[in-house]
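Engineer: Next come the chains, spelled out residue by residue.
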Amino acid sequence: MDSPLPYRDRRPQGAADFYFAINATFRFIQDRLGLAGLRRYWTDLGTTYFAPVATSWKQRGLAGVAAYWRAFFAAEPGAEVEVTESPSVVTLNVKVCPAIRHLREHHRQIAPTFCQHCYFVSEAMARPAGLTVRIAGGNGSCCQTFARRNDSTPTQDLTQIEEAG
Amino acid sequence: MIGVYDFNGHYEWTFAWLEAEGGPPLLREYWDVAIHQDSQSHAAELIRQKGFAGMQEYWGHTLNQEGGTHATTATESVFRIDMHDCPSKGFLMRNQLQQHRDYCDHCIGWIGPLLRRAGFVIDHQHNHCGQCWWEMRRATDAAPPSRPGEVTGARDVRLRPDWKPKGAALDTYSRANDPASKHSQQE
Numbered sequence: 001m002d003s004p005l006p007y008r009d010r011r012p013q014g015a016a017d018f019y020f021a022i023n024a025t026f027r028f029i030q031d032r033l034g035l036a037g038l039r040r041y042w043t044d045l046g047t048t049y050f051a052p053v054a055t056s057w058k059q060r061g062l063a064g065v066a067a068y069w070r071a072f073f074a075a076e077p078g079a080e081v082e083v084t085e086s087p088s089v090v091t092l093n094v095k096v097c098p099a100i101r102h103l104r105e106h107h108r109q110i111a112p113t114f115c116q117h118c119y120f121v122s123e124a125m126a127r128p129a130g131l132t133v134r135i136a137g138g139n140g141s142c143c144q145t146f147a148r149r150n151d152s153t154p155t156q157d158l159t160q161i162e163e164a165g
Numbered sequence: 001m002i003g004v005y006d007f008n009g010h011y012e013w014t015f016a017w018l019e020a021e022g023g024p025p026l027l028r029e030y031w032d033v034a035i036h037q038d039s040q041s042h043a044a045e046l047i048r049q050k051g052f053a054g055m056q057e058y059w060g061h062t063l064n065q066e067g068g069t070h071a072t073t074a075t076e077s078v079f080r081i082d083m084h085d086c087p088s089k090g091f092l093m094r095n096q097l098q099q100h101r102d103y104c105d106h107c108i109g110w111i112g113p114l115l116r117r118a119g120f121v122i123d124h125q126h127n128h129c130g131q132c133w134w135e136m137r138r139a140t141d142a143a144p145p146s147r148p149g150e151v152t153g154a155r156d157v158r159l160r161p162d163w164k165p166k167g168a169a170l171d172t173y174s175r176a177n178d179p180a181s182k183h184s185q186q187e
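Chains A and B supply the protein sequences, listed in that same order.
Take 1 as the starting number for the first sequence in our numbering and just add one per residue.
Take 1 as the starting number for the second sequence in our numbering and just add one per residue.
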């Protein structure tokens, strides 16, 4: 079976030090373009770079969402994440966020808005597939819930996503 | 979440996004401020403190972590890298990802300013196919780049039969620290 990941590498997992660059990129964009600019960057990234993921989710629905995140976190060094699925929802129980873990282990200053990227990127991936995501927690562990989008779904309360540090 | 398994993909995508937002100056500032001074601050510290030994220590670790095939050579006057199979450019080519006009410029984009602060200059060429070479010398050393094979012997990437693929552009930096200072030559 083909991997649910849109891009493939020769190694089973990525290099953890790249979390330094992801964190630094967020800080730089927020410093230069403001929080609105950073959120626009995340949304553009989810909409364009991750378009193949949205296409897959549109075709496979929530089963595709679950398969994607299982493969994704298997390729992230240090991740401890439980993915559960039901007919109406996919839940990611992020017990140990690999990025926050690695940044802390190396005493890096973490961009306070770091955890918001999960919402803005994933929502941009989910929207074209008729799905939506809600996130609670952050700063090392969180719960992410993917479900079908409908008019009664409350908007994401960003105060439910913790500042990182 | 965005992750590290495909880091080179969204990193390269980010170059094009930043350049669309603020032109080449914003992208060059990103490589200097975000990558050199923030993400790779550990490299900057090592190289400023230890010079060539710090280069060996840094690239010995990071190139092994990222994979790929390379050789490093250190003498008393030069630190040389021969990249035969760049893991990040290779990832982009295998996945057919290209948003920015020259992904390879990002290396000198952050390494150039780092070495300027540490007192070094760079001779460098890349062929846009996953092969490149670097020679770092003290800024006070006026020596020209080595001849093929002179420093690294048979591991010199310039001795590869595919070093100058037909139709590819060979980009050259001479005693440089600035990503804008390259000369491009079509083969």
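Among the hints, a few may not be true.
What the hints assert, rightly or not - Computed, partial: chain B to chain A, Cβ under 7 Å:
# : residue
1 : G3
2 : F15
3 : F52
4 : V78
5 : N95
To be verified - Covered stretches of chain A, going by a simulated chain B footprint (3 or more residues, C-beta under 8 Å):
# : stretch
6 : 51-63
7 : 75-81
8 : 155-164
Stated by the list, open to error - Label-pair distances were calculated between CB atoms; the ranges are:
#  : chain 1 : residue 1 : chain 2 : residue 2 : range
9  : B       : H42       : A       : T84       : 35 to 41 Å
10 : A       : R149      : B       : P161      : 35 to 41 Å
11 : A       : L158      : B       : P161      : 40 to 46 Å
12 : B       : Q186      : A       : T159      : 43 to 49 Å
13 : A       : T84       : B       : Q98       : 34 to 40 Å
14 : B       : S181      : A       : Q160      : 34 to 40 Å
No lab work stands behind these hints, which were simulated from the structure alone.
Computed from a predicted structure; not experimentally measured.
Heads up, the beta-carbon is just placed ideally off N, CA and C, and yes, glycines get one too.
Engineer: Each of the hints needs a verdict: does it hold here or not?
Structural biologist: Status of the hints after comparison with the structure:
1. Checking G3 of chain B against chain A: minimum C-beta separation of about 5 Å stays under 7 Å; hint holds.
2. Given hint, F15 of chain B at the interface with chain A, is violated; its Cβ is 11 Å from that chain's nearest Cβ, farther than 7 Å.
3. Hint status for F52 of chain B relative to chain A: violated, with the closest Cβ pair at about 22 Å, above 7 Å.
4. Given hint, V78 of chain B at the interface with chain A, is violated; its Cβ is 26 Å from that chain's nearest Cβ, farther than 7 Å.
5. The restraint placing N95 of chain B at the interface with chain A holds, with a minimum CB-CB distance near 5 Å, inside the 7 Å limit.
6. Figure legend: the stretch 51-63 of chain A, annotated as covered by chain B; annotation inconsistent (0 residues with Cβ-Cβ distances under 8 Å, at least 3 required).
7. Only residues whose C-beta sits within less than 8 Å of a C-beta in chain B count toward coverage, and the stretch 75-81 of chain A has 3 of them, enough to reach three; the restraint holds.
8. As drawn, the stretch 155-164 of chain A meets chain B at 0 residues by the rule of a beta-carbon pair under 8 Å; below three, the given contact is violated.
9. Hint check: H42 of chain B to T84 of chain A, Cβ distance near 38 Å, so the stated range 35 to 41 Å holds.
10. Look at R149 of chain A against P161 of chain B: about 55 Å separates their beta carbons, and that is not inside 35 to 41 Å.
11. Restraint check, L158 of chain A to P161 of chain B: a C-beta distance of roughly 56 Å breaks the suggested window 40 to 46 Å.
12. Between Q186 of chain B and T159 of chain A the C-beta distance comes to about 55 Å, which lies outside the given range of 43 to 49 Å.
13. Under the hint 34 to 40 Å, the C-beta atoms of T84 of chain A and Q98 of chain B, about 37 Å apart, fit the expected range.
14. Taking the beta carbon of each, S181 of chain B and Q160 of chain A are about 48 Å apart, not inside 34 to 40 Å as hinted.
When each numbered hint is compared with the structure, violations occur for hints 2, 3, 4, 6, 8, 10, 11, 12 and 14.
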